[in-house]
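Student: Residue-level listing of the chains:
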Amino acid sequence: MSISERRPWKTVSPARIGTYAFLLVCALFFAMPLFIMLMTSFKTMEEIRSGSIFSLPSAPDLGAWVKAWSAACTGVACDGISVGFWNSVRILIPSVILSVLLGAVNGYALAHWNFRWAGIAFGLLMTGAFIPHQVYVYPLVQLFAWSGTFGTLAAIIAVHVIFGMPVMTLIFRNYFVSIPEEIFKAARMDGAGFWWVFFAIMLPMSTPIMIVAVIWQVTGIWNDFVLGLIFAGRENLPMTVQLNNIVNSQFGEREYNVDMAATILTALVPLVLYFISGRWFVRGIAAGAVKG
Amino acid sequence: MSSVSVKNLEVRFGEHAVLKNLDIDIKSGEFLVLLGSSGCGKSTLLNTIAGLIEPSGGTISIEDRDVTHEDPSKRGLAMVFQSYALYPKMSVRGNLGFSLRVNRVPKAERNKRVEEVARFLQITELLDRRPAQLSGGQRQRVAIGRALVREAKVFMFDEPLSNLDAKLRAELRVEIKRLHRSVGNTMIYVTHDQVEALTLADRIAVMKDGIIQQLGSPEDIYDRPRNRYVAGFIGTPRMNFIGGELLVEQQGVPMFKAEAFGFSLEGYDFEKYPTQASAVELGIRPELLTIVDADHASAKVRATVDLTEMLGAESIIWCDVAGQQIAVLVQGKPGVKPGDTIGMAFDPATASLFDAASGLRL
Amino acid sequence: MKIRSAQVALLPMFAIVATVYVGSILWTIGISLTPSRSLPIYEFVGLEQYVALFRSSRWTTSLVNMLVFGAGYIGGCLALGYLMAIFIDQKVRAENALRTIFLYPHAMSFIVTGLVWQWIMSPTEGIQDFVRGLGLTGFTFDWIVRPDMAMYAVIIAGIWHGAGFVMALLLAGLRGVDTEIWKAARIDAVPAWRMYLHVVTPILVPVFVTCAVLLSTHAIKSYDIVVAMTKGGPGIATEVPAKFVMDYLFERSSVGRAAAAATVMLMMVMAVAAPVLYARAAAAKG
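Protein chains in written order, with the numbering used here: chain H, 156 to 447; chain E, 115 to 476; chain A, 774 to 1059.
In isolation and in its complexed conformation, chain H is listed as follows (with noise of 0.2 Å):
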């Protein structure tokens, strides 16, 4: 199929300007945050106090950078955002790690090994999904507090792992939905049970839901702020979290270069995955805009 087959448009007409000036003007609009971080990161406070948000800096400067990453003070402590990314990591790992398989267990069952209620628990699951976070919090500290794990490390785990399993449970279903009956069928035909028919045939077949899965949590959990407030506890605050102490509490004359340079390094975990990752990344964001 030739492209003239599709659209009318395809010389140099005013339509085709447009279009590309339109396009062009949105880049320069989504690009430009980025940029006026990256060059405000590399400023001394000197010239960010002289110039313009858009210049260029003069002689790229990694002092920000430096003090953001080791010195930045969140609050009392001026530790720099590095406490936060490796609190970050801790907390990444383990929930990612957790929430992926225990969606994938459920999908599987729910797809395959359908029963009464089985319908119903899901059905409330994602009703939950489109919930505010806000309606579950008051509960769950108290319910932390009584269990004595609020404000740690497994705390915040746990909670992630709960706020996860809707949309890893989702995805997973119908992933495993889309697989043939029959496979399922020989399966036990040939005597293999639920964990075998997991471990052995369902497991190697999802690869490309496994890798969405990953992307999704790990994307989300990395920018979770609220949750990381309130469960996590002093010790544990995730990255977010610090950054915005940075930012937001600081005293005195605010460093917009050690802000910048901490935002990006924020930031930075789901951006290089997303630069990585590309089309998977927005097979992920199909795979979960099918909720409901």
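It should be emphasised that the hints constitute simulated quantities derived from the structure, not laboratory data.
The reader is advised that the hints may include incorrect statements.
Stated by the list, open to error - Below, simulated DMTMM-like cross-link-like pairs (lysine to aspartate or glutamate); rule was C-alpha separation at most 25 Å, straight line:
# : chain 1 : residue 1 : chain 2 : residue 2
1 : E       : K371      : E       : D407
2 : E       : K291      : E       : E273
3 : E       : K141      : E       : E289
4 : H       : K340      : E       : D180
5 : H       : K340      : E       : D407
6 : E       : K267      : H       : E337
7 : H       : K340      : E       : E177
8 : E       : K291      : H       : E337
Stated by the list, open to error - Going by beta-carbon spacing under 10 Å, a handful of chain E positions derived as facing chain H:
#  : residue
9  : L166
10 : P186
11 : S187
12 : R189
13 : M193
14 : Q196
15 : Y198
16 : L200
17 : L214
18 : V216
19 : P220
Said to hold, decoys possible - Just a few of them, taken from the derived set where beta-carbon distance is under 10 Å, the chain H residues facing chain A:
#  : residue
20 : I203
21 : S210
22 : L211
23 : A214
24 : W268
25 : V296
26 : M415
27 : T421
Glycine residues also receive a C-beta, built at the ideal position from the N, C-alpha and C atoms.
Please arrange chains E and A on chain H, whose structure you already have, making use of the hints.
Tutor: This is chains E and A only, laid out in the frame that chain H set:
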């Protein structure tokens, strides 16, 4: 000895009974085909025998052992699915050996059995391939191999050929037949394709609405259909049906009487000799009609040629008989042309008579 | 049937659904009917908390702000996202690069989004300062510090974050539209804009609904972006319900009030989601 015996089977999906009061005995080593159009319950029956569907009543025994509540894998059955259902991420070797692995058969023995089966099916060189790298025919062999490895007593096939193109279908049909001859296992084969049924089966069970309409050899089913449904379902072009009346006289043979014509049913083998007149339908297969001159002595019916279809080796002549359409299958070229008036001759002994009300064979 | 293992495997899910997705919601609703302050007091006071809630100007402002934000954010994301999807679908060069640029904000957190736009919109450091520096000394762009405009500043940041997401979904939808209809349109000499308006847009309605539902749950949940960008200010100009609940729970120790506010949020979500869920379920049953 019966290999599979189903008694009083009932399967319900919610309120809807898909199978009701179903009985069937499948003999050891027999090739039984369950034939019917979609929704007739044939796949449900197969899946229930396999244990993949829980019956709501009745019993299933395999090799004289009650397996009604047994796990599918413990019934001594193997199944070849429509899509073949090969495990996509496993090699052919992995597919063949999976059931042994699940049952913790030692690796050495597992390999031995897999290789034996592969040799038997001539797929040894494919053992390390993935299913995606196989052709349709090779996939079928692997699926059959999976059944052979399990040393199952009964092989079940769920429409294994229906996704394939016509040429491959014919080839693989022969291969299944050959397999049956060489391994001699009981085989239950589900299909909606009457050609497959007629060519493969020792016995055919024609199903409709969850009920077995007729169970018999292919010849039986084709020549002596038990009811109007079976008669119409089997055979292409379809059996011709002519509505009329069965007249019974004190002396002499019964007569068939339609509006425009009538003839004696000399030689017809009645199930039960009729004693009174009734409304009937006469069925006669297109290839059993012969075309003669309109005023020939043997002409039982006069007809006008409507149109002709040349199929190569044979031709179909569509005729109009007093407003009813009748097909005649002749060898070679049609020999007549639209508008011709012709006579039709046939032997009443080869026809079928059905009660107009109940549809049962008379 | 080996249903037992499946039931065991689903135990964590059942437990979580029962305690969190059902239990917590009921608990919160229950507390909203009590006079609880910093600790729960289980004493029934009817709808007192709700009455007090709706008498509070901070809450009513929050609600109005949420509606304004929701309308602007959802409308803006859908409009800009659809336009971008349509223009990208014109067989343009550098399609991949453009898509990457439009979507990358979605990978970032609302905290990061809020902080960046706070900096860009700051009158003394950001765009206003830049344009004035170019010589246009009368130029003002100070929405973020003006009580009447601050919410719109947050909306712009929200659109920046979400438009690419809408674009990605709608572009997938556009690519799924039968290419034959474009051939038919050419033969019938129908202009492209008419095709988009009368043929393509109706086909994409389900995708729009999906986007709108997801964006509206974001809008109702919106907390991070406001905290990072304006902290609810200036004054209470950008307060939102989610922030109201958090503040009353953890700073003002007014658990009953917070629960009442959370319950109102819950009902709003249900009002948005229920018709969609119901329609989907009905469609699925066919």
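Student: Each of the hints needs a verdict: does it hold here or not?
Tutor: Each hint, compared with the structure:
1. K371(E) <-> D407(E): holds, 21 Å
2. K291(E) <-> E273(E): The hint holds at about 14 Å.
3. K141(E) <-> E289(E): Cα-Cα ~22 Å, so holds.
4. K340(H) <-> D180(E): Holds, because 21 Å separates the two Cα atoms, which is no more than 25 Å.
5. K340(H) <-> D407(E): Violated, because 60 Å separates the two Cα atoms, which is more than 25 Å.
6. K267(E) <-> E337(H): Roughly 21 Å separates the two Cα atoms, so the pair holds.
7. K340(H) <-> E177(E): holds, 22 Å
8. K291(E) <-> E337(H): holds, 23 Å
9. L166: holds, 5 Å
10. P186: Holds: closest Cβ of chain H sits about 5 Å from P186(E), inside 10 Å.
11. S187: holds, 3 Å
12. R189: Interface hint status for R189(E): holds (9 Å vs cutoff 10 Å).
13. M193: Holds, because the Cβ-Cβ distance from M193(E) to chain H comes to roughly 5 Å (cut-off 10 Å).
14. Q196: holds, 7 Å
15. Y198: holds, 8 Å
16. L200: The hint holds - L200(E) has a Cβ within 10 Å of chain H, the shortest such distance being about 8 Å.
17. L214: holds, 9 Å
18. V216: At about 5 Å, which falls below the 10 Å cut-off, the nearest Cβ of chain H leaves the hint on V216(E) intact, so it holds.
19. P220: violated, 16 Å
20. I203: holds, 7 Å
21. S210: It holds, given that the least Cβ distance between S210(H) and chain A is near 9 Å, below 10 Å.
22. L211: Where the cut-off is 10 Å and the nearest Cβ of chain A is about 13 Å from L211(H), the hint is violated.
23. A214: violated, 20 Å
24. W268: Status holds, d = 4 Å.
25. V296: Check passed: Cβ of V296(H) comes within 8 Å of chain A, closer than 10 Å.
26. M415: holds, 7 Å
27. T421: holds, 6 Å
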